[in-house]
Amino acid sequence: MTALLALQGLGKDYGARKAVVSLDLEVQAGEIFGLLGPNGAGKTTTISMVSGVVTPTRGKAIVAGHDVCTAANAARASVGLVPQDLAIYEDLTARENLAFFGSLHGLRGGTLRDRLAWALDLSGLAGRADEPAKQFSGGMKRRLNLAAGLLHEPKLLILDEPTVGVDPQSRNHIFEAILALRKAGMTILYTSHYLEEVQALCDRIAILDGGRLIAQGKVGELLAAHAEVGFEVEVEGEEFAITTALAMAAAFAELDRHGHTLHVAPTGPLAPVINAIEGAGVRIVTIHTRRPDLEAVFLELTGKSLRDAE
Amino acid sequence: MLAATIKKDLLLLLRDRGALGSLFLLPVVFIAVFGSIFGGGSDVAKVKLAVWAAPGDPKASSIRAALDESKMFEIQEQPDAARVSQASTDDDVVGLVIPAGVGAEHPVELYLDPAAPPQVSGPILGVLNGIVSTVINGPPASGDAKLVDRRAPPGKDILADVSGFQIAVPGNAVLFGFYLALTVALSFVEERRTGTWRRLLASPINRRMILVAKLVPFFLVGLIQFAFLFGVGIVVFEMRIAGSLFALAVMAACVVVCATTLGLFIASLGGTEKQVGSIGSICILVMGLLGGCMVPRVVMPPVMQTIGLFVPHGWAIEGYFDVLVRPGTGLIDVAPQAAALLGFAAVFFALASSLFDFENG
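Protein sequence lines correspond, in order, to chains Y and L.
The opening residue of the first sequence carries number 1 in my numbering; numbering runs sequentially from there.
The opening residue of the second sequence carries number 311 in my numbering; numbering runs sequentially from there.
Hints were generated in silico from the structure; no laboratory data involved.
Even glycine gets a Cβ: it sits at the ideal position worked out from N, Cα and C.
It cannot be assumed that every hint is accurate.
As the list claims (entries may be wrong) - With a straight-line Cα cutoff of 25 Å, these simulated BS3-like cross-link-like pairs (lysine-lysine) come out:
#, chain 1, residue 1, chain 2, residue 2
1, L, 317, Y, 134
2, Y, 134, Y, 183
3, Y, 134, L, 584
To be verified - Short derived list, chain Y residues pointing at chain L, Cβ under 7 Å:
#, residue
4, 51
5, 52
6, 53
7, 71
8, 73
9, 76
10, 77
11, 81
12, 83
13, 85
14, 104
Here chain L stands alone, though its shape is the one from the complex (with noise of 0.2 Å):
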């Protein structure tokens, strides 16, 4: 009876993709991204960094001369301060003005986005102050005086008090939100398991139609789900929001189009509801993590970094953060994130529309 038993749960597990792929597949793919995060090693990318060095200054150039040497920088060479500023409208790129006379009284001027989180501006900030500083003073000690001057690159500034709630929303706001994608693929396996499919397919409606009209409260709920999120943000633990309120109930609507989208897609999949339900969460773990919803994008290797734009996470809390910690972000300037959402969903609606078994019922 025991053997049984265990032939029979094998046999079971072994037949269950879905589970299968959550105890081999979905920690391989964890590993191989947090490795590659965490793990260095000789593949390390450099940091973009456009530099100008005032000409004819002994420091100046001195300092420049540290900069090839030290391994960490591609360096980008600029003809003028100005275009330093400029370059570092780049979100990969970096800007660093040396100035003539280098010193505590003119010190050099680092162009790196603000919101950069300390895995990167961190190392970015202790070589340069120990490149600096050593050619400036000798072997640096505790109390030089500040000897680079960091800057937000041209707008790329955020609010001056950023809170924890602000760096943690977008990030969660999106995992959470696409997990509306699972609700709607397992609505369509209870429809097809209860019989109210045929009953639907037997209404003299258009079979698309159906479609979507299924995803419709789906995209009304996670609006609510947004609203509320934020609404709590807000209200109780005080967040600001920098940019348009207008723009950010954009983005919210383009990751719940794109997330039911999914959600349809996975139906569209088709399988019992375990194998929905394993499939659909391997799905939105996996494109979190790729996203950037779980370690920022911009820390992962630039190989993850490029991987991460073919799933819509990058996209949308690139959007969110935008518009929650950077003054003056409008519709304008997520409209590239909101445009990609958009296309990501239509992908998602159009592959579904072709794949979806309407007959199996």
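Isolated chain Y (complex conformation) (with noise of 0.2 Å):
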């Protein structure tokens, strides 16, 4: 695989403030890359160098072959953005919504035409085209703002948060046309603070905080090397006998207490565990098992979590 989008050293600062502190990364042709952080992580500052409407203060992004900064035309013409505000004229329908962006990128006549029709069908607003966007519903307005920046076929797609405040049909219909697009072999970047979404939908993922990427790699390395098995454990007791319950388990795993919910990571088997806490004289309510996920990897690596940061 090549590298469709290289980042090298790419940093922003507004002021005094450093934005994005040093990026260096690469997106493959044809894989769908996430970038994962909470609010103010520098997610959208990156996609914003990346798209040209921000520039960068030091490095270089390199997309498809063009400098963002030296040749930024052509670097432009080779990314889809779609940003997290719904960027499209409420007052146009969406058909001519369309056409206005399409004609942006140069597209004219019979292609612009069956640009738009095939935008329209992947949106799935082929039968309301001729409707002002005002009329639509919240997610079909975020369906139009995915097909916006698809129309001329770039080789880059950028989506920010594609599915905030989304219901969950039209959440669907987003997932599907994203997978769609992979199997076409689109490369996508991905942002999201739903960690569920990043999880099911990309196939790498970088993690970003206070503006530094503290941690990139395929989902399933990531969790392989930084996030552990788990148990959540309901317990019911006197809070004398929990804390001392807390004491005993603590040789036998790491716990961390919420209310009446005890999360364990066991460093060997569990019985002991359960023994320790029941010991103590505390009614265990009940056990699940708690799977590795990117929260835990978020928590692993920064100490905190995710929603916690936001």
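Hints in hand, dock the two standalone chains.
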């Protein structure tokens, strides 16, 4: 595989604040690459630099062989940006919106008509193509937002939080569209703070925090390296007994208490942990296995929960 | 709860510069301008009067001496009558020829722009009639023969039947034409608010080209607005255009270019929809006031008249007015006004280009 997107020491400052410190990563052709991080991590600034909206302060971003600074128009022509905001004209119809955004990328005549038909079909808006966007539901507007970024067949599609505020039906529609695009070989840079989405869709991910890249790799590799299988143990008992149970079980596991739920990561077998808890006079109500997920990876790498960090 | 609401709204208001400007600055500017126009006082400007009096004629000499005694005029002595009419072609100079044998048979010739508003022409005519009549007949009485013959300075003729529409249209056309600037500025705010601005920046188009492309539709709308306003004036109100239609169209194009670039400049200052709306309205109203859209510049004090040259409205009104009421006005006659408007447009565009924050999307 070849790198369709290469970031080399890419950074952006706003005054004294370093929004992105220095990013080095590559996105291979045909993959879905996830940028994961809390609000303020630098995701949107990064994709703004890649899409040519914002000029980098330092470093390079190469899209399909074109430097976003020195060959800006060629680089922009290779990118399809789907911003987090519903970047559409509400008073124009879906068709008029798409025709405008297509013409910005040089589409004309029959080519434009063909691409319009394709994008309307993909977004499920063909039946309402001639209605003003302001009459659409939030999910339909988001699908139109997606279609507008796809018209010119970009080599790299950038999706910035594409499912924010979307109803389940439209979310499924967007997922299906993304999977269809991957099947067709499109390279996708996907940002989200919905961990489940990133985990389900992305081949590889990069985790950003405070403008820095803190990890990157395949989802499975990151899970294996940074997240352990654990258990959630729901307990009942006196406060003193629970505190005693935590102290006794600490010899056999790493424990984290959230009210009456204990997050347990055993260092060995689970049985001694259970015996220690019950031995302190605490009743175990339920035990659930906790699968490793990206939330645990983020917690492991940054010491904080992704949701707490937002 | 009440106190919290009051405190919150006070904080919001105090941080809204546009609203504060509308509430405090705008009335002060209007009071200052209108006060200086209508307030009179000791610093009222004298009328520049280019005078030639027939030598050796006692009545002419008496009128000439009476003019000196009048505090109204700043006398500019001329060597002959021809120089008087020539001098009166200056916008701020009035000409007066006092012939030999001055009287009902040979009235004094007053060269005063026929387009001068009554606030200007009235006092001049009144004082001169009084002086001439007193010298010739003793104290003035009603029914005196016409002793002051008002004439148009060379090149300052106007239509014989100037309608109210021809007087009202230039100021209003300019004032409301420049409101286009606000629409332009708000369209940029809207692009930023909705996020479409990011999409425009992400397209393979030069950034300054995006600005120009955004302005072109407003330019066209401005031209249509102009055609509509003047079309209604001509068709419905039978307004006549004394000068060339082509010159009028060129003036309109220059005004619209200036208004659209002013809108870009206002947009380049940044801010929310509320801020741009307030600041833009204040700018346009104050410029309109200083430029003579509400009160003719010619009745303003000299300082205000000079300030009026630093806003495009003054030039625009002059150009429109000449084309509408002065027969034979062609492109060459309004070239200075058109050039000034294009100059303002160039300055607005240059400032906007350097100030515009493309990345603040």
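A quick look at each hint next to the structure:
1. L:317 x Y:134: Not satisfied, since the Cα-Cα distance of roughly 36 Å exceeds 25 Å.
2. Y:134 x Y:183: violated (32 Å)
3. Y:134 x L:584: holds (22 Å)
4. 51: Residue 51 (chain Y) check passes; min Cβ-Cβ to chain L is 4 Å, inside 7 Å.
5. 52: Given a least distance of 6 Å, the restraint on residue 52 (chain Y) holds.
6. 53: holds (5 Å)
7. 71: violated (10 Å)
8. 73: holds (4 Å)
9. 76: holds (4 Å)
10. 77: Since chain L brings a Cβ to about 4 Å from residue 77 (chain Y), closer than 7 Å, the hint holds.
11. 81: Hint on residue 81 (chain Y): holds, closest Cβ of chain L at ~4 Å, below 7 Å.
12. 83: holds (5 Å)
13. 85: holds (3 Å)
14. 104: holds (4 Å)
Of the hints listed earlier, those the structure fails to meet are numbers 1, 2, 7, in rising order.
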